[in-house]
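There are 2 protein chains.
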Amino acid sequence: MPPKEAYDWLKAHHVETSVLESMGALLHWDQSTMMPGAGHGHRSEQFAALAKLTHERRSDPRIGDALAACGGYWDERDPIGVEAANVREWMRAFERATKIPSDLAVALARAASDGETAWKRARPDNDWKAFQPYLDELIRLRREEAEAVGYQGEPYDALLDEYEHGETAATLEPMFRELRHEIVNLLDSIKGSSRAPDPSILNNDYPTSAQKQFCRQVAQAVGYDLKAGRLDATAHPFSTRIGPGDVRITTRYNEHNLSEALFGTIHEAGHAMYSQGLPAEHFGTPSGVSVSLGIHESQSRLWENLVGHSAGFWRHFFPQARDFFPCLKDVSESAFLFAVNEVQPTLIRVEADEVTYNLHVMLRFELELALLRGDLSTTDLPAAWDEKMRDFLGITPPDFAQGVMQDVHWSAGLIGYFPTYSLGNLYAAQLFEAASKALGDIESQFERGNFSPLLSWLRENVHIWGSRMAPRELVRKATGYEPDSGALIRGLKSKYAQLYGI
Amino acid sequence: MPPKEAYDWLKAHHVETSVLESMGALLHWDQSTMMPGAGHGHRSEQFAALAKLTHERRSDPRIGDALAACGGYWDERDPIGVEAANVREWMRAFERATKIPSDLAVALARAASDGETAWKRARPDNDWKAFQPYLDELIRLRREEAEAVGYQGEPYDALLDEYEHGETAATLEPMFRELRHEIVNLLDSIKGSSRAPDPSILNNDYPTSAQKQFCRQVAQAVGYDLKAGRLDATAHPFSTRIGPGDVRITTRYNEHNLSEALFGTIHEAGHAMYSQGLPAEHFGTPSGVSVSLGIHESQSRLWENLVGHSAGFWRHFFPQARDFFPCLKDVSESAFLFAVNEVQPTLIRVEADEVTYNLHVMLRFELELALLRGDLSTTDLPAAWDEKMRDFLGITPPDFAQGVMQDVHWSAGLIGYFPTYSLGNLYAAQLFEAASKALGDIESQFERGNFSPLLSWLRENVHIWGSRMAPRELVRKATGYEPDSGALIRGLKSKYAQLYGI
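Line order of the protein sequences matches chains A and B. Quick note: the first sequence uses our numbering, first residue 297, plus one each step. Quick note: the second sequence uses our numbering, first residue 297, plus one each step.
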């Protein structure tokens, strides 16, 4: 096969696979939002048939032949050119897929499914011992996967690479160590402050119908295109790209709390704006796909925290919020801003504030790294968890459900996934700082309800690139330097110094 | 391959194909109800990729080999046994698919798509000449298809057989001739009656939110299982089976008219109850699939007309309707019943009443038969249409949009499809008469809101059989005699004699 023909075949094959795979996104969205209860059995059949089909297509041996034949088609001098990047990423994915023996892949899928089921059953009973053998099996299998895939430093790197290509335990440990040190110090200062927000401002009467309208209005105002999306309600909020022109988000409404739905909406809108900014003409190829979990999370956290919790944002939106919610009539803008930015160590990661959130993530990173290195056994994991909670956050979980068993991730075999949450925060701060430098007084743009300069900057510097560069390279190209924790630390310190007068 | 192994392979292959195909039902449902406008382009890609995949699977040459190898596996003495029926239907479908050359299949798909586009453009302009060449091409191609597939009587039979297996022009013509004669007479008597309903009763203030609740309540009361379904709003109502446990319906609300949404809901609920009654354990095989368009329509029309327009039904539901709709406060039950059963010749098939509806269908049947036989050219079709409208219904269309160009069917190449609508009415009446005989005083069961005996009877005599018998055989087994127009004529005569005092 001549190189051009091989390349064209690879492209057509992968695009068709992605189109078929994208039906899975609709199956999932529908299952969470619309499907009648009795539809679950058939929906599982649909997922299974589609997974079989796409697995066959992604491991089709003709991919290997075409990859071998397409060399020389693209311009070698442009490693981030569309063709070069596509071929590089197709090769990486195909190699990873073919290195994992199919019986290991099947065992992993089964262990993940069994693990999640066991976790769901054991968690309400605080029954660590019932869940432990499933976690042991998952760790064993994922170690096996790491050996099959290969690594330079240590087994953990092979798992992390799947979620955040190019990162390793060795790149993360120093960044996270510094971040943890600074955050623990900041948290101490905050605890020592005499100022405190009034959290009852947010826990008041917020009718769901008004929240729905307000959330739509905010999502649209920051740049989420509802003509190419939808906002629905689900128990567990998410964002999903069904295809170009169809990127949907969900949120969860609590009529006695405004934060949950509102910041959830902005978070998911951040994910969705990334998806809406991916180049549609490259759909189904690496150049048209989001690059990593960390970069995805950077977009959601940037909009949720650095935009949605900022003074400029609320100078614009508070008057509108007051029109929607009569309970805000006698609340001042500054009291409201302080309330949404309350810092308070809590037990549950997904409910944590912007400052303490990263401590939850680093705790998990350190523990899973120790598990993979063999420095910690699952028998000792619950005690290690509690010790780190005391160490980092100064609180002790009353039970496993609110401690070591709170997250679904490990039960589904997702080891190496957690650090991408903090990487997201770190990238977000670094990108936001660079955008602010480029765009001038960004807060006063927010104040005027003008979010499009920021979105355009993100489009040009992040979204449009798809997976043409590794995350680290993308951040360097956008900001001028390698990812580090500096911008995040600077941002948190300056913001909370002002709020808490420290 | 030993027979059992061949059979098992056929079953697994077809079930998997059906599971994949069922994602198309979700794509379609979502497109009509939920999808954002900008999602259309990608949705077309999804439909195309899925169609390609399922076509490949349905014409996989291994099917032919397995069919040849599985002979003798089932009990020859039981032709409607599950295995015998499955193999017979797999063979019939595979033969039809392989007899049609693939370039003809492609040409037909393209002509159907082009035809529909041309129709949509030409119809608002009343531009028959712009549409005519597309229809000519479709007729030419479908004649070619008929020759490829083969027939015993005439080419039309090969097309009709696809929608209503076992029926031919020769079986339909005498039934329809009798039906037309009787209905034209009945219509004359009705026109001569001094009684007339007050149609303003139904064209009043019917708030959409109340209609939504009432429609749900009625659909559920007659037996549509909402735990395994949904009711949503769409421009063009439909029912779709996404899989066992997930059969959804839609309707259209008009706040100044109750009939549209309500009878639309009951009609689609009738389709859906058939789908919900198909044996889930046979999903993806002929034994678990609806048998024909006519039988499907018999279920929707039975519930819409013979139940939903009956005196017993309204004795039960009218008090509830009054609670929902204040405009019914001073309306009597008998005036309301007469209003929903008004007979009035009109131009548009889909808006026609129970009596005149069949005249619209028979007009189309006679015209398409003449076109296929070469007795009529498309140049003369509009004049022939208008002549039959005068002849059957006594009215003349003012333009093509309300005449020969009103339906989408021919523009998409659906020739031989229309008669299944009248077959549905005819089967419905015959099945309803048999059920009434078996169940005793069915009207007084309705009066007490008890619809489950009728639904159970339909489950046992129709739904549960899937496609194990041809439609004609199914009706004979359920009612004791071959389909004819007797029950429909008897039912209409007796009902309208009472209402109109004729």
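Treat the hints with care, since some could be wrong.
No copy labels: a pair is met if it fits in one copy or bridges any two.
Unchecked claim - Only pairs whose alpha carbons sit at most 27 angstroms apart, straight line, appear in this in silico DSS-like list of lysine-lysine:
#1 K625 with K508
#2 K523 with K508
#3 K487 with K416
#4 K348 with K300
#5 K523 with K416
No wet-lab data here; the hints were simulated from the structure. All of these numbers come straight from a predicted model, not from anything done at the bench.
Outcome of the hint check:
no., hint, in the structure
1, K625 with K508, "within (19 angstroms within a copy, 36 angstroms between copies)"
2, K523 with K508, "both (17 angstroms within a copy, 26 angstroms between copies)"
3, K487 with K416, "neither (35 angstroms within a copy, 68 angstroms between copies)"
4, K348 with K300, "between (29 angstroms within a copy, 25 angstroms between copies)"
5, K523 with K416, "between (37 angstroms within a copy, 24 angstroms between copies)"
Hint compliance for this structure: hint 3 is the single one not met.
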